[in-house]
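**Q** One letter stands for each residue in the lines below.
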Amino acid sequence: MINIVDLLLLAFSALRERRLRAALTILGIAIGPAAMVAIIGTTEGYTDTIVNQLQALGQNTVVIFPAKDYKLSNNDVNKIKKLSYVNDITPFYQSRGQFRKPDGTSMMVTIYALDLNLLNKIVVGSKLAEGGIPPQSLYTNCVVGNDVVISKGIKYYDVGEAITVYIPTMKGDKLVISSVSFRIAGILAPYGTVFPVNPDASIFLPLQAGKSLLNIKDYSGIFIIAKSAEVVDALVNELKSMYGDNVEIVSLKEIAKTVTNIINILNNLLFTVSSISFAVAFTGIMSTMFTSVVERTREIGILKALGYSSRDVLMLFLYESIVMTLIGVIIGIASGVVGAHFIAYRPLRIAGSWTVVSEPKITYLLILRALGNSLMVGVVGGLLPAWKASKMVPVEALRYE
Amino acid sequence: MSDEVIRLVNVSKVYVSAGGVQTWALRNINLLIRRGEMISIMGPSGHGKSTLLYVIGTLERPTSGKVFIDNVDTTLLNDEELSKLRNSKIGFVFQQYNLINRMTVEENIELPLIKLGIPRSKRKELVRDALLKVGGELSWLNKRPVQLSGGQQQRVAIARALVANPPIILCDEPTGALDSKSSEVVLNILKKLNNLGHTVVIVTHDPNVASIARRLILIRDGSIIGEKFI
Chain A
0 MINIVDLLLL AFSALRERRL RAALTILGIA IGPAAMVAII GTTEGYTDTI
50 VNQLQALGQN TVVIFPAKDY KLSNNDVNKI KKLSYVNDIT PFYQSRGQFR
100 KPDGTSMMVT IYALDLNLLN KIVVGSKLAE GGIPPQSLYT NCVVGNDVVI
150 SKGIKYYDVG EAITVYIPTM KGDKLVISSV SFRIAGILAP YGTVFPVNPD
200 ASIFLPLQAG KSLLNIKDYS GIFIIAKSAE VVDALVNELK SMYGDNVEIV
250 SLKEIAKTVT NIINILNNLL FTVSSISFAV AFTGIMSTMF TSVVERTREI
300 GILKALGYSS RDVLMLFLYE SIVMTLIGVI IGIASGVVGA HFIAYRPLRI
350 AGSWTVVSEP KITYLLILRA LGNSLMVGVV GGLLPAWKAS KMVPVEALRY
400 E
Chain B
0 MSDEVIRLVN VSKVYVSAGG VQTWALRNIN LLIRRGEMIS IMGPSGHGKS
50 TLLYVIGTLE RPTSGKVFID NVDTTLLNDE ELSKLRNSKI GFVFQQYNLI
100 NRMTVEENIE LPLIKLGIPR SKRKELVRDA LLKVGGELSW LNKRPVQLSG
150 GQQQRVAIAR ALVANPPIIL CDEPTGALDS KSSEVVLNIL KKLNNLGHTV
200 VIVTHDPNVA SIARRLILIR DGSIIGEKFI
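Same order as they appear, the protein sequences are chains A and B.
Take numbering that gives the first Met the number 0: the final residue in the first sequence is number 400, and no numbers are missing along the way.
Take numbering that gives the first Met the number 0: the final residue in the second sequence is number 229, and no numbers are missing along the way.
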């Protein structure tokens, strides 16, 4: 019985002889695990980040927006408040504006006017870094996201100072840019971009400011906080039966579920695409090993004459393909990890301003999957040529020119 | 230990071509070779000498008949058992040396020992002993076969054949590719091995080579047509 170390040494010796061909085959093998680790690692990293962000926003929150010509009013707020699943509720006004910082840069901000006492229930986990929540009556006072006052590490505004935002509004059929000034009452701690809101680039005002300062007549929507995440589906069903097509209902729980499903489908698709490179590696290994078997026919005859059995010959050739595969897998996985970090280095930009920055998720399972697939390719791809080698008749092999 | 080391009983070998044409390479061969004998099998090219050697060496299975090596009926053995038998009991020396050119001389000689599962350190020692026994030089060990002359390569091939100390050494035209001086060296080595107790069977068409053996088997059209004791 030949021991494994000797088999490996014999395999290395044979591969050393055909360095270039072996190197090219190894390169072909490396592409599969590299693609798999880079692509799946990156998308799984994004998936985790997106889903975590969505979950951080609170799985209890449901938002309704008016659809068609329907206008949301206090009647709606009161009706919804009475539903058994509802814990808290606030209508809100929403607008977008441009804000110019003292350093000359400008940024788009989203302005919400809502019941500020519910801010940390709507933006779950948000904390005030400075100042406080202004009372509802002081509707020119606001709470601002961290990016509004800080730019590139420099803080431009403090609590008590005023900021001016330029808001486009329609006056008749004309678009007018009006400037609105607010006094900063509180500054939120950095939160991070979260779909569908970006609290860091938002300004939160008391509800009354929506009509008085932003000149919006009707509510832009209603934030509803359900009693628990478990009753969200029932609440959504109730809202659907109340409003039919008159409102759009957005449940963060549903968004998280949908996003997860989409990303899972995407992952499967990417897995299939990366599997194609395994098919290429399979043909590469097979053709390399078949060529090797033909070229070494006489050697096979010699080995058999020296007492090597068909099984020994099979193992010798199989070890060659396994050695090439293992080297290819190591190179592939290492390149995949580097590649995943390279891809994830640039933030993923979705829907304009929403960017996701994520670390790739390289799990042991992913590495095992890449290793398993490659080894399967290596073994199966090498098996047929090895079997052909093992079945050679020694005398015919010895006479091969 | 029995005196008999190789015995062929009614051995025939028939090749059938793809078109179904039968060619008789060996016909009812009966042959007994005793331990420590040195015999030559002589005959014209294409008359079955090499086939007979390969049948004795279990590289070819006979179409009919029995081949006994050390009283073991090899026709009943499977591939694994035959390989084991070849590895431990038979050493081959070929006309074209059949060394593996990508390997060093040392790696070539140690091949039978790897199969035997002998540890690396012991292998090195046995390889040196075998090479010295055939008059080789230790400086060859790290050379590739192509860096050696034909005669030197054949000596390496003989070293490989005897490194596992098999009782039988089968030689197929061992001097066929050598000049007369190298041939003489190789034949002297074979004689020396025989003196050391190895049973040596030489297949040749050259009467000068055949004459080094005490026993000569003549073969024609796959049949033994005569036997001489010199």
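Bear in mind the hints are in silico, worked out from the structure with no lab data behind them.
Every residue gets a Cβ at the ideal spot worked out from N, C-alpha and C, and that includes glycine.
It is possible that part of the hints are untrue.
[What the hints assert, rightly or not] Pairs of lysine-lysine residues, derived as DSS-like cross-links and limited to a Cα-Cα distance of at most 30 Å, are as follows:
#: 1; chain 1: A; residue 1: Lys387; chain 2: B; residue 2: Lys227
#: 2; chain 1: A; residue 1: Lys81; chain 2: A; residue 2: Lys239
#: 3; chain 1: B; residue 1: Lys190; chain 2: A; residue 2: Lys387
#: 4; chain 1: B; residue 1: Lys83; chain 2: A; residue 2: Lys390
[Said to hold, decoys possible] Short, incomplete list of chain B residues facing chain A, as computed with Cβ under 10 Å:
#: 5; residue: Tyr53
#: 6; residue: Ser82
#: 7; residue: Lys121
#: 8; residue: Lys123
#: 9; residue: Glu226
#: 10; residue: Lys227
#: 11; residue: Ile229
**Q** Quick one: which hint numbers does this structure break? Sort them smallest to largest.
**A** 1, 3, 7, 8, 9, 10 and 11
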